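Colleague: One letter stands for each residue in the lines below.
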Amino acid sequence: MKVVVDMNKCQDHGQCVFASPDVFSLDADGRLLYVPDPDDALRDEVEEAADVCPLQAIRIED
Amino acid sequence: MTASESTGRVLVVGASMAGLRAAEQLRAAGWTGAITLVGDEPHMPYNRPPLSKEVLAGKAPFASLAFRPRPAVADAAWLLGRRAVTARLPERTVVLDDGTSLSYDGLVVATGMRPRRLTCPGPLPGRHTVRTLDDAQGLREALTRPGARVVVVGAGFIGCEVAATAVALGVREVTVVDPLPLPMTGPLGPLLGRALLRRHEARGVRFALGTGVAGFTGDDRVTGVELSDGRVLAADVVVESVGSVANTEWLDGNGLDLTDGVRTDALLRAGGRPEAVAVGDVARFPNARYDGVPRRVEHWSIPGDTAKQAARTLVAHLHGTGEEPAPFAPLPTFWSDQHDFRLQSFGAPSYGADDVRVLDGTTDGDGDLVVGYHRDGLLVGVVALGGPGAASAAARHRPALLARPAVTA
Ligand SMILES: Cc1cc2nc3c(=O)[nH]c(=O)nc-3n(C[C@H](O)[C@H](O)[C@H](O)COP(=O)(O)OP(=O)(O)OC[C@H]3O[C@@H](n4cnc5c(N)ncnc54)[C@H](O)[C@@H]3O)c2cc1C
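Those sequence lines, one after another, are chains A and B. Per our numbering, numbering through the first sequence is continuous, rising by one, with the last residue being 1520. Per our numbering, numbering through the second sequence is continuous, rising by one, with the last residue being 698.
It should be emphasised that the hints constitute simulated quantities derived from the structure, not laboratory data. Treat the hints with caution; some may be incorrect.
Covered by chain B, per the in silico footprint, the following chain A stretches (three or more residues, Cβ under 8 angstroms) [said to hold, decoys possible]:
id, stretch
1, 1469-1475
2, 1491-1501
3, 1506-1520
Everything numeric in this text was worked out from a predicted model, so none of it was measured. We put the beta carbon where it would ideally sit given N, CA and C, even for glycine.
Can you build the whole structure from these sequences, using the hints too?
Modeller: The structure is reproduced here in structure tokens:
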């Protein structure tokens, strides 16, 4: 599974961090960091993160 | 029957976010049969939060609002611009406004809310609400007329967002009226309400609090708002943001509990019917994470959460697998962009409104502030106010929020 975040769209809401803390985090300044190739076992929570992104900036590619 | 053999039809009534997510989650849960969505708006599902913010500010074209449906629902049938007018649940049929009768094996109720309107006397022209794209475009036109004077009735989230956007558009007089003494105090309590009042006033929004609206002045258009304390505020644009009403009339006469939305059980079934589920703003469901009392939750995260649970319930029934999913216990999340600050809420603040503590920052000044809401000493809600730094501060409390054991109702 590949995760792609459109960083031009991202507004650092952090909803993805709540949905999937293993893959998404915010740095000390509140900027988004993420794991681009997470384990497939995390698919459920990554899909959840993509769904809850207010900007719909998260895409999952197989 | 195996997942690859689904036959029959699921009908989704309401073609907005919750309807779309339900269709997607039906596929994710293994439903390969037909899916039909009926929606009375002419548009494919689009995102509503920007309506009171970027759309009103002229910063978001429609193309940027449309949801990107998952490929799995590419074969779903969309009947747009059509309204469901009656349902006969025992016969499993729904009748549309053009007389078409649709039969189904599974029904998803996703008809959401419409704005509540004020019923006090006065003319209607000049009075707006913000729920649909057309509403937002109409209000934008009114706000950008030179010299517009705006009164927003209702100091909740949408009212405060609209007031902030109006100030950003250069509207010279923006006043928010509310019978409560502080903005957004219903869901967030007085501590944040005071902080928000100060931040709004510092950015040019005026408030008339502790007073309601008695009527509107003007002959064929609004010229002012009469307050219950006797004052009259001059206004040519009025925005009514005084709550919402569930779109459930089409379900009348089926023995469902329709007081404030569609009451469901913990699996999101309506009226105990295994083939009818409700999702999104219209669903009044028990949340096992808190007290199990059925409530509607008008947060953006709820269409997705309810869709996942409801789709599992429906597909298990339609496939005859009778699998009982775990009790539904979503963690609600909400955000609101106002001026240059953002509010982010995780959990259920109103459930812990009697024990509110500052977790980070201070209530004075304009800096980041994180507030915690507690029940029986446990953290049940966190609200962050400020810039991106506030969101990371809030995220630190995630484990505590999730640690609260789900109760079995
Ligand atoms: C202006 C605005 C700003 C918001 N901002 C935020 C925010 O910042 N953060 C946040 O967390 N949440 C926000 N929300 C809330 C969020 O948008 C809602 O929770 C979400 O849209 C609910 O989706 P839904 O599909 O359940 O309902 P709806 O979006 O109301 O969809 C219901 C659909 O069903 C249709 N329908 C109704 N009756 C019938 C019928 N009889 N037949 C056919 N179709 C019918 C309706 O026309 C509508 O298209 C905001 C909402 C609004 C209106």
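Colleague: In ascending order, which of the hints set out earlier in this document are inconsistent with the structure?
Modeller: The structure conflicts with hint 2 only, although it agrees with all the remaining ones.
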